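Given chain A, work out where chains B and C should sit, using these hints.
Chains as they are written, first to last, in my numbering: chain A, 24 to 358; chain B, 44 to 563; chain C, 198 to 495.
Keep in mind that the hints are not guaranteed to be accurate.
[Said to hold, decoys possible] Result set (DSS-like, lysine-lysine): computed pairs, CA atoms no more than 27 Å apart in a straight line:
#, chain 1, residue 1, chain 2, residue 2
1, A, Lys115, B, Lys245
2, B, Lys395, B, Lys426
3, C, Lys440, B, Lys427
4, A, Lys316, B, Lys245
5, A, Lys316, B, Lys170
No lab work stands behind these hints, which were simulated from the structure alone. Just so we're clear, the structure is a prediction, and the values are computed from it rather than from any experiment.
Below are the chains, spelled out letter by letter.
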Amino acid sequence: MLIYTVRRLLLLIPVLVGLSLLVFTISHLLPGDPVKLAAGPQATQAEIQSLARELGTDRPLPAQYWSYATGLVKGDWGQSVLTRRPVWDDLKIYLPATLELVIAAMVLAVAIGLPAGLVSAVYANRWPDYLSRTLSLAAISMPRFFLGLLLQLAFAMWLLWLPLGGRFPIIDEPPPFVTGFLTIDALVAGDLGAFATALKHLALPAAAMCLSPLATITRMMRASTLEVLQQDYVLTERALGLSQRLILFKYVFKNALSATLTVIGLYVGWLLGGTVLVETVFDWPGIGLYATKAIVTQDFMPVMGVTLAIGVVFILSNLVVDLAYGLLNPRVRYE
Amino acid sequence: MKRRTVLHAMGALAAVGALSGAGLAPAMAQARKVLVIASNQDVPNFDPHIATGYSASAFLRNVYDSLVRVEGNPVKVVPSLAESWTVSPDGMEYTFKLSPAAKFTDGSPVTSADVKYSFDRLIRLAKGNAWMVAGIIDTNSVIPVDATTVKVKLVKPFAAFLQVLPWLWVVNAKEVEANKGSDDGQTYLRSNVAGSGAFRIKRAEPGNLYEFEKVANPWKTGGGNLTGAIWRIIRETSNQRLAVQRGEAHFALDLTAEDMDALKDKPGVVSVVEPEFRTFSIKMNTEYGPLADINLRKAISYAFDYKSMEESAGYQQLMVGPLPHGILGHDPNLPVPRTDLAKAKEYLAKSKSPNGGIKLTMVHVSGLEQQRRFALVLLDSLKKINIDLDIKPMVWPDMVASTASPDKMADFFPVYQTANYGDPDNIAFAAYHSSRNGNWQNPVYKSAKVDDLIMQGRAETDETKRKAIYLEFQKQVVDDAPDIFGVLEKRKLAIRSDVSGFVFTPVASNAIEFFPLSLK
Amino acid sequence: MSAAVETGPRNALSSRWQNWRRGAYRFRQSTLSIVGLVIVALLIAVALVGPYVVPHPEHVAGGVSTAMRFRPPSAQFWFGTNELGQDVFSLVVAGSRISLLAGLAVVVIAAIFGTLIGAVAGYFGRWVDEALMRFTDLMLTLPSLILAMAIAAALGPGIGNMVFAIAMSWWPGFARLVRGEVMAKKEEVFVQAARALGAGAPRILMRHILPNVISPIIVKMSLDMGFAILTVASLGFVGIGVKPPTPEWGSLLSLARGYMPDYWWTAIFPGMAIFLAVFGFNLLGDGLRDVLDPKARR
Numbered sequence: 024m025l026i027y028t029v030r031r032l033l034l035l036i037p038v039l040v041g042l043s044l045l046v047f048t049i050s051h052l053l054p055g056d057p058v059k060l061a062a063g064p065q066a067t068q069a070e071i072q073s074l075a076r077e078l079g080t081d082r083p084l085p086a087q088y089w090s091y092a093t094g095l096v097k098g099d100w101g102q103s104v105l106t107r108r109p110v111w112d113d114l115k116i117y118l119p120a121t122l123e124l125v126i127a128a129m130v131l132a133v134a135i136g137l138p139a140g141l142v143s144a145v146y147a148n149r150w151p152d153y154l155s156r157t158l159s160l161a162a163i164s165m166p167r168f169f170l171g172l173l174l175q176l177a178f179a180m181w182l183l184w185l186p187l188g189g190r191f192p193i194i195d196e197p198p199p200f201v202t203g204f205l206t207i208d209a210l211v212a213g214d215l216g217a218f219a220t221a222l223k224h225l226a227l228p229a230a231a232m233c234l235s236p237l238a239t240i241t242r243m244m245r246a247s248t249l250e251v252l253q254q255d256y257v258l259t260e261r262a263l264g265l266s267q268r269l270i271l272f273k274y275v276f277k278n279a280l281s282a283t284l285t286v287i288g289l290y291v292g293w294l295l296g297g298t299v300l301v302e303t304v305f306d307w308p309g310i311g312l313y314a315t316k317a318i319v320t321q322d323f324m325p326v327m328g329v330t331l332a333i334g335v336v337f338i339l340s341n342l343v344v345d346l347a348y349g350l351l352n353p354r355v356r357y358e
Numbered sequence: 044m045k046r047r048t049v050l051h052a053m054g055a056l057a058a059v060g061a062l063s064g065a066g067l068a069p070a071m072a073q074a075r076k077v078l079v080i081a082s083n084q085d086v087p088n089f090d091p092h093i094a095t096g097y098s099a100s101a102f103l104r105n106v107y108d109s110l111v112r113v114e115g116n117p118v119k120v121v122p123s124l125a126e127s128w129t130v131s132p133d134g135m136e137y138t139f140k141l142s143p144a145a146k147f148t149d150g151s152p153v154t155s156a157d158v159k160y161s162f163d164r165l166i167r168l169a170k171g172n173a174w175m176v177a178g179i180i181d182t183n184s185v186i187p188v189d190a191t192t193v194k195v196k197l198v199k200p201f202a203a204f205l206q207v208l209p210w211l212w213v214v215n216a217k218e219v220e221a222n223k224g225s226d227d228g229q230t231y232l233r234s235n236v237a238g239s240g241a242f243r244i245k246r247a248e249p250g251n252l253y254e255f256e257k258v259a260n261p262w263k264t265g266g267g268n269l270t271g272a273i274w275r276i277i278r279e280t281s282n283q284r285l286a287v288q289r290g291e292a293h294f295a296l297d298l299t300a301e302d303m304d305a306l307k308d309k310p311g312v313v314s315v316v317e318p319e320f321r322t323f324s325i326k327m328n329t330e331y332g333p334l335a336d337i338n339l340r341k342a343i344s345y346a347f348d349y350k351s352m353e354e355s356a357g358y359q360q361l362m363v364g365p366l367p368h369g370i371l372g373h374d375p376n377l378p379v380p381r382t383d384l385a386k387a388k389e390y391l392a393k394s395k396s397p398n399g400g401i402k403l404t405m406v407h408v409s410g411l412e413q414q415r416r417f418a419l420v421l422l423d424s425l426k427k428i429n430i431d432l433d434i435k436p437m438v439w440p441d442m443v444a445s446t447a448s449p450d451k452m453a454d455f456f457p458v459y460q461t462a463n464y465g466d467p468d469n470i471a472f473a474a475y476h477s478s479r480n481g482n483w484q485n486p487v488y489k490s491a492k493v494d495d496l497i498m499q500g501r502a503e504t505d506e507t508k509r510k511a512i513y514l515e516f517q518k519q520v521v522d523d524a525p526d527i528f529g530v531l532e533k534r535k536l537a538i539r540s541d542v543s544g545f546v547f548t549p550v551a552s553n554a555i556e557f558f559p560l561s562l563k
Numbered sequence: 198m199s200a201a202v203e204t205g206p207r208n209a210l211s212s213r214w215q216n217w218r219r220g221a222y223r224f225r226q227s228t229l230s231i232v233g234l235v236i237v238a239l240l241i242a243v244a245l246v247g248p249y250v251v252p253h254p255e256h257v258a259g260g261v262s263t264a265m266r267f268r269p270p271s272a273q274f275w276f277g278t279n280e281l282g283q284d285v286f287s288l289v290v291a292g293s294r295i296s297l298l299a300g301l302a303v304v305v306i307a308a309i310f311g312t313l314i315g316a317v318a319g320y321f322g323r324w325v326d327e328a329l330m331r332f333t334d335l336m337l338t339l340p341s342l343i344l345a346m347a348i349a350a351a352l353g354p355g356i357g358n359m360v361f362a363i364a365m366s367w368w369p370g371f372a373r374l375v376r377g378e379v380m381a382k383k384e385e386v387f388v389q390a391a392r393a394l395g396a397g398a399p400r401i402l403m404r405h406i407l408p409n410v411i412s413p414i415i416v417k418m419s420l421d422m423g424f425a426i427l428t429v430a431s432l433g434f435v436g437i438g439v440k441p442p443t444p445e446w447g448s449l450l451s452l453a454r455g456y457m458p459d460y461w462w463t464a465i466f467p468g469m470a471i472f473l474a475v476f477g478f479n480l481l482g483d484g485l486r487d488v489l490d491p492k493a494r495r
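If we strip away everything but chain A, and leave its shape as in the complex, we get (with noise of 0.2 Å):
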């Protein structure tokens, strides 16, 4: 297992660079010169090259990626040519953000999901199934930047109940950074008022980027369940007495951590890049804003970070998903 966790991380480093310089080369072939729109429209080209040579774009291609690549390493992912921030500060501001909007819209999707799913397996074909299959699958179709207007159509515009945008009140102070999550940093401060504001600013952008691991989790959900239903041991156990909750409750807890799992290792890189459409709507300060921003003013070191970083956060996810796995069914064998 020890062996096994070192060589996949060993495996790591040649996709991680392989990633930099595809994320590098596609920058590179787009149209766009960034140094221009750095200049500003009156900048002479005089200025023009001389901001080349600061940003070190007028050097060979090789020669830039080489520092870019060993700048990554040492935390220096290259810095906006309009704002002139490292990258890696700005992300360490978002990154967390856009993470814990993640992370909200997974627990979210795992504690109805898992519920629906069973509810769907042991009235199979009967109309609960019926309306969570269909529902799973509209969920599926559902735009998640439509239901995110809809629900701020209803619960902040109409109903008032809970917050337009943002993650928490402009006046008020957040929780003082420690991991940037700040229902995290709220309870580390032991402030339960500023937990409570930051969950109501979550409420809405969570439940509408739930949706697709929601349909996925109570498909997978229910089709574990009916095949645990169906085998032989359970028919035999109900036959010796066991109650019918016992069983459900045995063999259904176990498809229900694995479906979780699968559903974490396809949906996080998924969600993370997705959360673009979410943030927009609800003015959420994460990476998907930070990027659309870079997008739209053609500045492609920032750009370049989010990629990397939503890749980087995407293939770790997937590997501790693989080792939970293994811990989980020992019948897994690692080569």
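Showing chains B and C alone in chain A's frame:
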């Protein structure tokens, strides 16, 4: 016209301010009075001699000071760093007496050397607001007489010199010198402030918010009770409006006409709709392509549906000629083209494409809804004279880049222009003088006659003679038809009713000044 | 020609026909698939004839009627009017053609490109396979929406650029699918026979292998169609996409955001249209998978 501006007596506020400065200070420190402003514009750069845009103006006017300020409606120039000044009879030499109380946030006094350093740096860098004094002063113009007296000798006469001074900021020379680096302190000032303003930056999250706090003992006296302010970026205008409606923000700066309609009679919100010197026009490519033909330009000027333009966005009035209503010398009875299809066809017949059948392009700032609407109104109008329009949304930097030469510029180029100073020279020079060619405010239009009039207007100090010059200028420009003269957009602000001390000023009124404001 | 040769294809044909019939039966059994089919048929019909029969074709072309701004839904304007007095019903109907065509183009381009890469990798194996598939895997770790946004923004607004940008982030799925299928097929007898007869690699791939892997590709295309439409709308929604006056659903919705909650109809109807189209194609795709690719059935 709606005029529901709240004006509170400044005197009462000064009294509150004085009270808070006395024995009540500890109690006040606990009561945070933080003003929240919702804006869709980020602050790209903190450098006072580089940053432009209204968000930057707002930022800079709160953390820096300039020699003089503008306030009130109509606009008055009032003392700031300079407590008094004199002008030589020929208008070529200004002498400013600095306030001895003026000090930077690091405690050092503001001296004439700082003023010279700042003006020289502005001219050296030739960015930001440098265009306002380009050719008017150079690095020999500013002469420190003693520590608190500074003389400015103009290279050329400039009638509006005092009006541009509020936008030329004074930095702490020692602090900038100490962090000069290899780029004249540009790296340092990009994210640091070396100013004397009553506020300083406390927290900066680009793209999200900028938090300010009041400095412990600002050198300026009076002012409101604010302990801080937050510039919060909210991109959707409807979300800005809802934030004010719900009391989450005190100011919303980028509202649309629809938002203002929705805010009518909402409790706790005061709407401000005021005319301002903010012009919108669609520039035509007078130098390259089909629109170099004056008859085609005139045909389009007559074919354009001015009524739809007015209706497609409320709270504005149609412009009459190139200058905004109410500015010195503007003639509200100037004969200008209005929708008249017969006349349009008459001019079209004289042009090189007498039956239309051509396709023109218009660019606009992507995401700027009002410009998209005007583009569609133009498309609709051109159809009536059998001309197609291709609409291309672009990001602003790309649009600016396209104005570098006539062949790169689209046929139609829409421009909003906000006056930084309430003088006809501002719009006339920036938007119609040929020296500004290659610039977004006037990409291509050039006319020797118009240039001459602009320079005469600039140098003339007698008001009646200036009026006559600008009258002639307007006639000449309308005759050349370089633009579709659009609308004068009214400033639309929503303010919470618990904000007091706000006085509308029709120049850069969305660059909110925190100092005079109070919160209940 | 001898009889033996003739019977071969006929037998194959009849067994294929049998498969189809069985599939069609399963398809009919599933109510949801039928619902999907109906929705999609309706959408295609609307996309084909809609632009010619809408009440206000001039609005679709960019015309404005500023005297009739923000009228709520009524008998005259079924979906109300927008900020320029344009009939929202006309815009939404005309938008169906854009969304459907753009979605289809994305899927087709991605399928062609992905098939090319996957087939080459699967057929040649060894280092070619290794290199192409590592590249494909890396592409899969990139956030596809952000990638598509970046490419589309760099290329400038326009339907063609948007389609290309999305397709460039879409092909890896096809590449993996086709590679697997090709690897399975290339060991089969008829391919070995063709190779023995001296056929070159391109000929074998085009004539013998690809026709046999077409049905999983079609299944994936139909499954992807809904999400392709959704992605097109997403790009429109974040403001990177079409040029005005193109009535693309996502950009209609994005504009309408500014008019909520008072003029909700400008947002609700384009949003419902996106949902309905994606829902229809997803239902149909699920059904088609059962018909064409019985192995994939759970």
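Violated hints - listed by number, lowest first: Of the numbered hints, all hold.
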